[in-house]
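Engineer: Listed here are the chains, written in short residue letters.
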Amino acid sequence: MAVVEPIRPSSDALLKNTAPKKPANMGQIIRWTVLFLGGVLMVMPIAYMISTSLKWPHEVYNVNLIPDEPTIENYTYVLEDGRFYLWFVNSIIIATITTICNLLFDSLVGYTLCKFRFPGRYIIFIAILSTLMIPTEMLVIPWYLMSQQFGWLDSYWGIMFPGLMTAFGTFLMKQFFETVPDDFIEAARIDGLNELQIWWTVAMPLVKPALAALAIFVFLGNWTAFIWPLIVTNSVEMYTLPVGLSSFGDEADVAWELIMTGAAISTIPTLVVFLIFQRFIIRGVVMAGLKG
Amino acid sequence: MATLTLRDLVKAYGKVEVLHGINLDVGDGEFVVFVGPSGCGKSTTLRMIAGLEEVTGGTIEIGGRVVNNLEPKERDIAMVFQNYAIYPHMSVRKNIGFGLRTAKMSKADKEARIDEVAGILDMTALLDRKPNQLSGGQRQRVAIGRAMVRDPAVFLFDEPLSNLDAQLRTQMRLEIKKLHQRVGNTIVFVTHDQVEAMTMADRIVIMKDGHIQQVGTPSDVYHSPANTFVARFIGAPSMNMLPATAKDGTVQLDNGFGVPMASTDGPVTVGVRPDDLGLGDGVPIIAGRVTVREPLGPETLIYVDTGAGGEVIAKADGRTPPEVGAEVTLRAAPENLHLFDAKTGLAI
Numbered sequence: 055m056a057v058v059e060p061i062r063p064s065s066d067a068l069l070k071n072t073a074p075k076k077p078a079n080m081g082q083i084i085r086w087t088v089l090f091l092g093g094v095l096m097v098m099p100i101a102y103m104i105s106t107s108l109k110w111p112h113e114v115y116n117v118n119l120i121p122d123e124p125t126i127e128n129y130t131y132v133l134e135d136g137r138f139y140l141w142f143v144n145s146i147i148i149a150t151i152t153t154i155c156n157l158l159f160d161s162l163v164g165y166t167l168c169k170f171r172f173p174g175r176y177i178i179f180i181a182i183l184s185t186l187m188i189p190t191e192m193l194v195i196p197w198y199l200m201s202q203q204f205g206w207l208d209s210y211w212g213i214m215f216p217g218l219m220t221a222f223g224t225f226l227m228k229q230f231f232e233t234v235p236d237d238f239i240e241a242a243r244i245d246g247l248n249e250l251q252i253w254w255t256v257a258m259p260l261v262k263p264a265l266a267a268l269a270i271f272v273f274l275g276n277w278t279a280f281i282w283p284l285i286v287t288n289s290v291e292m293y294t295l296p297v298g299l300s301s302f303g304d305e306a307d308v309a310w311e312l313i314m315t316g317a318a319i320s321t322i323p324t325l326v327v328f329l330i331f332q333r334f335i336i337r338g339v340v341m342a343g344l345k346g
Numbered sequence: 112m113a114t115l116t117l118r119d120l121v122k123a124y125g126k127v128e129v130l131h132g133i134n135l136d137v138g139d140g141e142f143v144v145f146v147g148p149s150g151c152g153k154s155t156t157l158r159m160i161a162g163l164e165e166v167t168g169g170t171i172e173i174g175g176r177v178v179n180n181l182e183p184k185e186r187d188i189a190m191v192f193q194n195y196a197i198y199p200h201m202s203v204r205k206n207i208g209f210g211l212r213t214a215k216m217s218k219a220d221k222e223a224r225i226d227e228v229a230g231i232l233d234m235t236a237l238l239d240r241k242p243n244q245l246s247g248g249q250r251q252r253v254a255i256g257r258a259m260v261r262d263p264a265v266f267l268f269d270e271p272l273s274n275l276d277a278q279l280r281t282q283m284r285l286e287i288k289k290l291h292q293r294v295g296n297t298i299v300f301v302t303h304d305q306v307e308a309m310t311m312a313d314r315i316v317i318m319k320d321g322h323i324q325q326v327g328t329p330s331d332v333y334h335s336p337a338n339t340f341v342a343r344f345i346g347a348p349s350m351n352m353l354p355a356t357a358k359d360g361t362v363q364l365d366n367g368f369g370v371p372m373a374s375t376d377g378p379v380t381v382g383v384r385p386d387d388l389g390l391g392d393g394v395p396i397i398a399g400r401v402t403v404r405e406p407l408g409p410e411t412l413i414y415v416d417t418g419a420g421g422e423v424i425a426k427a428d429g430r431t432p433p434e435v436g437a438e439v440t441l442r443a444a445p446e447n448l449h450l451f452d453a454k455t456g457l458a459i
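Taken in sequence, the protein lines are chains A and B. Using the numbering used here, you'd call the opening residue of the first sequence number 55 and step up by one each time. Using the numbering used here, you'd call the opening residue of the second sequence number 112 and step up by one each time.
Chain A extracted, bound-state conformation (with noise of 0.2 Å):
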């Protein structure tokens, strides 16, 4: 008896997409191109902060993406220059206080407006949120005013307290603390833990994505704030990085290729928090989709 074989596709009909490719319509093909110049508008001053920072002074000004005369010479002069290393440690350490007690103060103040019942909560809550409209360049004089009279002027409590707890950080936390069900509060509060270990040890772990992306904005904000480090401060030694950048150069000339390298080296403390924390937010979007 003849045994039929099952026709069996080949193994190189298996690997190939044999399916005809359908054609981009216009659609896509607008979607692309939009997304495409959106990429180019994002990634050119990066490229052109990184080229200027390997161009010598005389080729500062020529629009060339690529160098005529690389040089690494600009970042061996700003590495060489101890104030360099000063306003990095300056920035560091600001940007992590400010970035710590922003998580801390932001949450507690979130949780408290989220979680508990008291008069007056919701008047406390719009008066956080309306500080929001007013521009920092209002800000600016009652803050100098307060550090003068305190003492504040040029020292890093000075530069750091108008930015220890944010209006935008309270309702980022605020609204985030709405997705943590009532039900874990309450069967701590049964578990007999008090108000502040629930905070510490139930709320806080359930948002950590908000809490990475709270740190991200806050480091990132910090990290290159201009305005009122540079207000606050007298002293080369307490500049911050963009001060300090700015700073290269006089009335006379503008030290460009300088700048781009110093500022160039500033983003990789950027990088690194936002690798650190971006992994939170993915995953706090994927644990977001699933069910229970």
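Hints in this document: simulated from the structure, not taken from any laboratory. Here the structure is a predicted model, which means the values were calculated and not measured. We put the CB at the ideal spot given by N, CA and C, even for glycine.
Which chain A residues stay away from chain B? Per the calculated CB distances, all over 12 Å, these:
(1) PRO111
(2) TRP206
(3) ILE285
In the DMTMM-like style, the derived pairs of lysine to aspartate or glutamate whose C-alpha atoms are separated by at most 25 Å in a straight line are:
(4) B/LYS215 / B/GLU182
(5) A/LYS169 / B/GLU164
(6) B/LYS184 / A/GLU249
One side of the interface only, derived from the structure: several residues of chain B facing chain A at Cβ under 8 Å:
(7) ALA161
(8) ASN194
(9) PHE209
(10) THR213
Got chain A sorted already, so can you dock chain B onto it with the hints?
Structural biologist: The following block gives chain B in isolation, referenced to the frame of chain A:
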């Protein structure tokens, strides 16, 4: 283990009173189930016992001690929540041991207690898993384990089975009942499912609109309902209610049938459960046309149109039920009929 006593318990939100003076005594080791429709106040009562809601009036006593002003942690209670409330960032071991964080025990004793509870709940192999690696039933067991580990005086369960599918719910129902028989703690269990209440409870507390309607054993509330609400709420399908008038030892149904029954004269409501209403023996009380059949295997539910928009449910034989459209006369034994005052709804 402990007794639980509610005395004139009142709860109000502003001017709106939602609990109107609840009185209840729960015995040591008793399994009491609060049941009622949404908004009846059963969960509010439980949360007040737990200390999660303030008491507006009256007292709550646990083990003879008034606990109105005590924090939840000081009441010696443990609660299992509807959505389990197990922490997703902690392992099963940490979740179960969470209730011992503030206990004055050595670490070794705590670990031993966690292992003991995990053993009772058959979860030893799952101790290192995270909640998202567990099934719904396993998560529920973790929640129960977290309550058990503290060995509280009173267990409080707030609709813990309502998130489970039907099969798992039946299984967990049995497990909780076995657990109660094993550990013997006092349990207050809240549900809106009367089947859960009937199958698990030593006594059932039926609530409506912030009032207790009846407290009794499952048999009591099923066979001797205090009023029409309890009669219709307990039992599935619901009890059929027929308007009638009692006079001179006879209850004359509005549909024309009469049944000799002792009752005070006046308008009454006659209640008859579908289980007690059929095509077999008894006195005829309803005539009508079959509109729908629901085969259940050994028996078939038949929906009978009694005219003027009235409909009753009865049981027929599973093998030879009447056809849809057939005219039938339904009968019941007089001792299986329940009489209620037509105005107050109270049992006569």
